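Participant: Here the protein sequences line up with chains R and F, keeping their order.
Residue 5 in the working numbering is what sits at position 5 of the first sequence, and the numbering runs on without skipping anything.
Residue 167 in the working numbering is what sits at position 167 of the second sequence, and the numbering runs on without skipping anything.
Each hint should be verified, as a subset may be incorrect.
[What the hints assert, rightly or not] Covered by chain R, per the in silico footprint, the following chain F stretches (three or more residues, Cβ under 8 angstroms): (1) 123–133; (2) 140–147; (3) 228–236; (4) 255–262.
Because the hints were derived from the structure by calculation, they are not lab data.
Just so we're clear, the structure is a prediction, and the values are computed from it rather than from any experiment.
Ideal Cβ placement from N, Cα and C applies to all residues, glycine included.
For reference, the chains in residue letters:
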Amino acid sequence: MFAFIARRTLAVIPVLGVVAVFVFLLLRLSPGDPAAILAGETARPEDIERIRAALGLDKPIWTQFVTWLGALLQGDLGISIHSRVPVATLIAQRLEPTLALASTTIVASVLIAVPLGVIAAWQHGSWIDRGVMVLSVLGFSVPVFVVGYLLIYGFAMQLQWLPVQGYAPIGKGLWPFAERLILPTATLSFIYVALIARITRASVLEVLAEDYVRTAHAKGLPEHRVLLRHALRNAAVPIVTVIGIGVALLISGVVVTESVYNLPGLGRLTVDAVLARDYPTIQGLILVFSGAYVFLNLLIDIAYTAFDPRIRY
Amino acid sequence: MTMLATETATLSTPKAVSPAMRTLRQVMRNPAVIAGGSLIALVTLIGLAAPLLASADPTEINPVFRLKAPSGEHWLGTDLFGRDIYARVVYGARISLVIGITVATLSLAVGLTIGLVAGYIRWLDEIVMRIMDGLMAIPGILLAIALIALSGASLTTVIVAITIPDIPRVVRLVRAVVLTIREEPYVEAAIASGTRLPWILIRHVLPNTVAPLIVQGTFIAASAILVEAILSFLGAGIPPEVPTWGNIMAEGRVFFQIAPWIIFFPGLFLAFTVLAINVLGDGLRDTLDPRIAKRL
Numbered sequence: 001m002f003a004f005i006a007r008r009t010l011a012v013i014p015v016l017g018v019v020a021v022f023v024f025l026l027l028r029l030s031p032g033d034p035a036a037i038l039a040g041e042t043a044r045p046e047d048i049e050r051i052r053a054a055l056g057l058d059k060p061i062w063t064q065f066v067t068w069l070g071a072l073l074q075g076d077l078g079i080s081i082h083s084r085v086p087v088a089t090l091i092a093q094r095l096e097p098t099l100a101l102a103s104t105t106i107v108a109s110v111l112i113a114v115p116l117g118v119i120a121a122w123q124h125g126s127w128i129d130r131g132v133m134v135l136s137v138l139g140f141s142v143p144v145f146v147v148g149y150l151l152i153y154g155f156a157m158q159l160q161w162l163p164v165q166g167y168a169p170i171g172k173g174l175w176p177f178a179e180r181l182i183l184p185t186a187t188l189s190f191i192y193v194a195l196i197a198r199i200t201r202a203s204v205l206e207v208l209a210e211d212y213v214r215t216a217h218a219k220g221l222p223e224h225r226v227l228l229r230h231a232l233r234n235a236a237v238p239i240v241t242v243i244g245i246g247v248a249l250l251i252s253g254v255v256v257t258e259s260v261y262n263l264p265g266l267g268r269l270t271v272d273a274v275l276a277r278d279y280p281t282i283q284g285l286i287l288v289f290s291g292a293y294v295f296l297n298l299l300i301d302i303a304y305t306a307f308d309p310r311i312r313y
Numbered sequence: 001m002t003m004l005a006t007e008t009a010t011l012s013t014p015k016a017v018s019p020a021m022r023t024l025r026q027v028m029r030n031p032a033v034i035a036g037g038s039l040i041a042l043v044t045l046i047g048l049a050a051p052l053l054a055s056a057d058p059t060e061i062n063p064v065f066r067l068k069a070p071s072g073e074h075w076l077g078t079d080l081f082g083r084d085i086y087a088r089v090v091y092g093a094r095i096s097l098v099i100g101i102t103v104a105t106l107s108l109a110v111g112l113t114i115g116l117v118a119g120y121i122r123w124l125d126e127i128v129m130r131i132m133d134g135l136m137a138i139p140g141i142l143l144a145i146a147l148i149a150l151s152g153a154s155l156t157t158v159i160v161a162i163t164i165p166d167i168p169r170v171v172r173l174v175r176a177v178v179l180t181i182r183e184e185p186y187v188e189a190a191i192a193s194g195t196r197l198p199w200i201l202i203r204h205v206l207p208n209t210v211a212p213l214i215v216q217g218t219f220i221a222a223s224a225i226l227v228e229a230i231l232s233f234l235g236a237g238i239p240p241e242v243p244t245w246g247n248i249m250a251e252g253r254v255f256f257q258i259a260p261w262i263i264f265f266p267g268l269f270l271a272f273t274v275l276a277i278n279v280l281g282d283g284l285r286d287t288l289d290p291r292i293a294k295r296l
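Generate coordinates for the entire structure from the input sequences, incorporating the hints supplied.
Facilitator: Here it is, written out as structure tokens:
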């Protein structure tokens with residue numbers, strides 16, 4: 001098992017390497033002068049020359065890459081054009097709202113979607129099953145921001161139960177923090193619930209057709225034991241996989257949801273950086289988001305061995 | 001043995017329909033395909049007939065009628081500049097359809113080419129797949145945003161930016177098909193009889209990718225339309241003066257509390273269109289690719 005974990009961890013290096021090369025080349029291969037892009041639209045010619053010299057943009061591309069990668073490995077993501085603050089600092093400042101939103105969404109979605117999927121598979125063909133299927137198609141069709149505005153309209157404007165927008169750090173008390181997180185979490189969970197419920201239903205349905213499930217029924221085990229012990233446990237691997245793959249969906253959802261609810265997180269930072277053409281910040285954010293995605297999926301792959309002891313690599 | 005098989009096949013053809021025709025009939029009878037297909041036809045018709053349907057010029061500014069609620073004159077209300085939302089939404093259908101169709105076609109064409117070559121040339125396979133793994137690790141929207149931020153917002157850059165993140169998924173799919181097909185006895189037979197590689201790919205491998213690619217293509221079109229709307233909504237998409245569903249909604253953000261119709265109506269059309277394409281895709285998958293259909 002340790003050999004597997006070591007091998008799986010090493011396999012992350014080429015993936016992250018390709019991401020780094022890609023993010024590096026994105027700026028260098030784009031039409032236009034990278035120094036001028038990095039200097040921003042208001043820069044004077046001497047600013048552009050200063051940046052060119054400082055980043056070694058006049059040197060061969062290999063030297064540039066090595067310098068850039070070296071800095072990156074030390075956590076140096078460059079300096080924001082817009083705010084003149086190191087990108088790493090900028091990202092650290094905006095981390096809390098995004099982490100809060102992402103973790104509440106993952107927890108809420110799994111807690112809702114897995115039981116929904118199991119019940120839908122168990123009551124195959126019933127109205128619950130049809131409902132779950134309709135929900136899963138809707139989840140992939142209704143855009144995140146439309147869901148967000150519908151919820152704001154209903155719960156914040158009409159019923160006035162919750163605030164319309166904004167964020168309160170957790171340090172300011174639990175209720176103000178939670179109150180402002182409920183609608184964004186519900187918004188972002190919509191698509192994630194659809195995805196997880198659909199896969200849960202499909203894989204539990206497949207397991208329920210297995211012989212050992214029939215045996216379990218035959219020996220008189222209660223229904224819930226058959227469902228949880230035999231069906232769900234054997235269906236766990238595809239469900240956990242899709243939770244990992246869905247993180248990519250979650251990241252794009254975070255960008256949109258934070259804009260709708262005005263949460264000062266990494267998603268807002270991304271949009272602000274694009275509008276200000278703050279290229280170093282965009283690069284840094286892509287690296288951080290991709291890194292998070294790769295590492296989460298690494299953790300999930302390692303977790304497989306716990307879910308399914310048959311898996312040996 | 002092959003000769004015998006061809007012989008029986010030729011003998012039975014006068015009565016039986018060709019397999020392609022049989023599949024086509026099956027597809028056309030699937031309720032999801034019919035429902036999704038007719039809804040898409042409706043949206044396409046709306047887009048094509050936009051100049052006839054729209055009662056007003058979608059770009060005409062009319063400050064007297066700013067932020068008016070839906071009424072007899074402006075069915076879906078007006079925006080900040082007094083432009084007619086209904087006219088803008090109807091014209092917006094055109095952009096969304098163009099985006100969906102071109103992104104799906106482009107990513108399928110590029111992905112198919114890369115996938116066929118990678119699946120068949122061993123030493124290239126390893127390199128290509130590592131690059132695809134890396135590309136897939138970058139969240140699609142972020143990659144698109146970065147590409148647009150660099151090359152400037154226009155319809156072409158938006159299409160390219162949405163296409164690139166979709167390519168690895170197509171490559172993976174095609175490569176998976178190639179890897180199973182290359183082990184088939186009829187491919188072995190073709191190699192043994194001296195058929196050259198390009199011909200094997202075209203004659204034996206390519207036809208096997210058609211069904212899964214059609215299914216994948218519909219899902220790519222649906223997500224491309226969604227992603228374009230998201231990009232425009234965030235202000236990182238097609239230039240704001242062009243009436244696209246995302247752009248109309250982006251303009252409504254600030255005024256959501258006083259004029260929610262600016263966001264709700266284009267949002268409704270957007271969801272409706274994407275839903276229709278997804279339903280069509282589900283129907284196609286059930287009929288064309290029963291193996292995957294069982295798993296999902």
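Participant: Each hint should be assessed against the structure and marked as holding or not.
Facilitator: Against the structure, the hints come out as follows:
Here the segment 123–133 of chain F counts 3 residues with a CB under 8 angstroms from a CB of chain R, which clears the bar of 3, and the coverage holds. Residues of the segment 140–147 of chain F lying with their CB closer than 8 angstroms to a CB of chain R number 7, which satisfies the three-residue condition for coverage. Look at the segment 228–236 of chain F against chain R: 6 of its residues bring a Cβ nearer than 8 angstroms to a Cβ of that chain, three or more, so the hint holds. Here the segment 255–262 of chain F counts 3 residues with a CB under 8 angstroms from a CB of chain R, which clears the bar of 3, and the coverage holds.
Comparing the model with each numbered hint stated earlier shows that all of them hold.
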